[in-house]
Amino acid sequence: MAWVNAVVQGILLGGLYALFACGLSIVFGVMRIVNLAHGDFAVLAAFLAYSVADATGLGPFWAGVIVIPVLAAVGYLLQRVLLQRSLGVGPLATLLATFGLSVIIQNVLLQTYSADARALDIGRLASASLRISGQLSISYLALITFVLAVVVLVGLQLYLSRTRTGRMLRASSDDPEAARLVGADSRHLYGIATSIAFATVALAGVMFAMRSSFDPSIGPTRLIFAFEAVVIGGLGSLWGTLVGGMVLGLAQTVAGQFDPALTLLAGHVIFLAVLAFRPQGLIPARST
Amino acid sequence: MAIGDALLARARDIPVRRAGRSTRWTTVGLGLVVVVLAYLPYVAYTTVTDRLVDFLMLLTMATMWNLLAGYAGLVSVGQQAYVGLGAYAVLQLSDWGVQPYLGVLLAAAVCTVIALPTSLLAFRLRGDYFAVGTWVIAEVYRLLIVRDGDLGGGSGRSLTTLSGLDHTLREALTYWVALAVAVLALLGCYLLLRSRLGLALTSVRDNETAARSAGVDVRRAKRVVYLVSAAGCGSAGGVLLVSSLNVHPDTAFSVQWSAYMIFIAVIGGIGYLEGAIVGSIVFFAVQEIFANYGSWYLILLGALAVIGAVWLPRGLWGELRARTGAQLFPLRYRVDTPVTAATPVPVER
Numbered sequence: 001m002a003w004v005n006a007v008v009q010g011i012l013l014g015g016l017y018a019l020f021a022c023g024l025s026i027v028f029g030v031m032r033i034v035n036l037a038h039g040d041f042a043v044l045a046a047f048l049a050y051s052v053a054d055a056t057g058l059g060p061f062w063a064g065v066i067v068i069p070v071l072a073a074v075g076y077l078l079q080r081v082l083l084q085r086s087l088g089v090g091p092l093a094t095l096l097a098t099f100g101l102s103v104i105i106q107n108v109l110l111q112t113y114s115a116d117a118r119a120l121d122i123g124r125l126a127s128a129s130l131r132i133s134g135q136l137s138i139s140y141l142a143l144i145t146f147v148l149a150v151v152v153l154v155g156l157q158l159y160l161s162r163t164r165t166g167r168m169l170r171a172s173s174d175d176p177e178a179a180r181l182v183g184a185d186s187r188h189l190y191g192i193a194t195s196i197a198f199a200t201v202a203l204a205g206v207m208f209a210m211r212s213s214f215d216p217s218i219g220p221t222r223l224i225f226a227f228e229a230v231v232i233g234g235l236g237s238l239w240g241t242l243v244g245g246m247v248l249g250l251a252q253t254v255a256g257q258f259d260p261a262l263t264l265l266a267g268h269v270i271f272l273a274v275l276a277f278r279p280q281g282l283i284p285a286r287s288t
Numbered sequence: 001m002a003i004g005d006a007l008l009a010r011a012r013d014i015p016v017r018r019a020g021r022s023t024r025w026t027t028v029g030l031g032l033v034v035v036v037l038a039y040l041p042y043v044a045y046t047t048v049t050d051r052l053v054d055f056l057m058l059l060t061m062a063t064m065w066n067l068l069a070g071y072a073g074l075v076s077v078g079q080q081a082y083v084g085l086g087a088y089a090v091l092q093l094s095d096w097g098v099q100p101y102l103g104v105l106l107a108a109a110v111c112t113v114i115a116l117p118t119s120l121l122a123f124r125l126r127g128d129y130f131a132v133g134t135w136v137i138a139e140v141y142r143l144l145i146v147r148d149g150d151l152g153g154g155s156g157r158s159l160t161t162l163s164g165l166d167h168t169l170r171e172a173l174t175y176w177v178a179l180a181v182a183v184l185a186l187l188g189c190y191l192l193l194r195s196r197l198g199l200a201l202t203s204v205r206d207n208e209t210a211a212r213s214a215g216v217d218v219r220r221a222k223r224v225v226y227l228v229s230a231a232g233c234g235s236a237g238g239v240l241l242v243s244s245l246n247v248h249p250d251t252a253f254s255v256q257w258s259a260y261m262i263f264i265a266v267i268g269g270i271g272y273l274e275g276a277i278v279g280s281i282v283f284f285a286v287q288e289i290f291a292n293y294g295s296w297y298l299i300l301l302g303a304l305a306v307i308g309a310v311w312l313p314r315g316l317w318g319e320l321r322a323r324t325g326a327q328l329f330p331l332r333y334r335v336d337t338p339v340t341a342a343t344p345v346p347v348e349r
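Chains as they are written, first to last, in full-length UniProt numbering: chain P, 1 to 288; chain A, 1 to 349.
The hints are simulated quantities; they were obtained by calculation from the structure and are not laboratory data. Bear in mind the structure is a predicted one, so any value in this text is a computation, not a measurement. Worth double-checking, as some hints may not be accurate.
As the list claims (entries may be wrong) - To spell it out: a stretch of chain P is covered by chain A in this simulated footprint if at least three of its residues, at any positions, have a beta carbon under 8 Å from a beta carbon of chain A; those stretches are:
no. : region
1   : 78-92
2   : 127-138
3   : 142-153
4   : 225-231
Stated by the list, open to error - Just so you have them, the derived chain P footprint on chain A, three or more residues with Cβ under 8 Å:
no. : region
5   : 165-177
6   : 197-203
7   : 309-315
Said to hold, decoys possible - Some residues of chain P that are not near chain A, with every Cβ distance over 10 Å (derived):
no. : residue
8   : G29
9   : V74
10  : V103
Just so it is clear, CB atoms sit at the ideal spot from N, CA and C, and this is done for glycine as well.
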């Protein structure tokens, strides 16, 4: 039964990873770049939500509702001011610029909030769980996170396939020149893609901060997990990202069941194995 | 064919050289700097040489990162893998009875051997994904080292085999080893870039498709650079161990090292050997000036790197060279045309 529990927890944890990863997946799908500060923006969102909750007395959920649009706006501005420029400079520029941003955010948070670990207090919900049997219980928060992840991914998929902006985004991703010819403003579209990515990563950061403590230095690990979920699932495929997140979560919790020290290593090994034997990922983008 | 032969015959008459009078002087100047630096332990306090060990270590790492990014187009955020492995290689070798200073040089060989299979995996990823992929690989090496109890596991260990040496002598030896590693790294990169492979790398950097169609084995060229870079970072990691005398997996494998390498290379100028030197000096100056203000120096350096990457992609040295044509390491070809022999036309590498 402990194993069933590990599997269930792994899948639920995978939802959180997928939530972290979908922003990375979208930005890569549309602009072919990786934002190395992705994880740090999640941590930034968590700290902002903490401050908002602290200053206004609102609950963390409402603080999250305030922080997410703020981060979306930050994303749009960042794309228009910095990333768009870096795209024109060369293939290395975006990586280097976002890596610089990552170090800046970490250290600004360190100077502002100190290195102390914090948590978003959600009261009774933190420990409330659905008890299925003696050893198998599902935390409501983990379940909410997983459902949110699925809703976000389904929503994004529908947005990309059904709406006008979504179609233009895909067109810009396939062939920016041709898309521009038929009237797509690629800079604005890239801004929208980045702001969507930032909104999802802010959501992920706030959900993460509700279930475990956080400090300014955890961003890079979040980025690595998100990245692994994207690669395991297959580049540029949102369903793949969900599957990738679940595979990663499963690998971590099941290995942790053997030996808690193996948790991180198992996730990385699964990632490297996918890289070695199935570099296109489990669900490649174009085959579906 | 006939026209081609005629052109070739004509081209053969035009002298193309790398060195010139100015480069001869810079070579002498660089040699002098090395001699002065080598003499320093006799005249300076160990506090000075201690700081210089850090400087030389960063210079070595940045040179290696610069080679990787500037000439093979490979942006790695995982070079700390080899810094950590180099440090632990020296520790393991010293357990087996190898003198640690010799171990610093052997660490390069160890890291090259480890880097070969690693490159098979890492090279499956391109561009941005290579960057994060190498980072994951560095994490894997850290987690594997943490599991090795003999090497101190997660809490780190001290290097005790140097404790028999006199303090001042040990500091001086460490300094000389750090200097030797940095000089070898720069010299190695210089010779590598002047070789046939260097020409291949330059063509890959300028246009990978064209280079491939001209018969350049791009993968092999990139792999050689990756191995050299691993070797250099491994030795730098060895220097880290013999200078601090203890090692902790979290610091040895910290992504901070990659951050330093990237900041130095971006500020100094990616793709110029001189860039790493200039960048290291700037980095060090900023670090010294803001030493008492917590992590603000990192915020400032991060901001400089962001600005540099996007608005000044050639870095400080690149800008300087574009204006003055200066070069410390003669890598550029110059064509001395018979007609205008007095004003040689510099040809971009």
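Structure-based check of each hint:
no. : hint    : in the structure
1   : 78-92   : holds (count 7)
2   : 127-138 : violated (count 0)
3   : 142-153 : violated (count 0)
4   : 225-231 : holds (count 3)
5   : 165-177 : violated (count 0)
6   : 197-203 : violated (count 0)
7   : 309-315 : holds (count 4)
8   : G29     : holds, 12 Å
9   : V74     : holds, 15 Å
10  : V103    : violated, 4 Å
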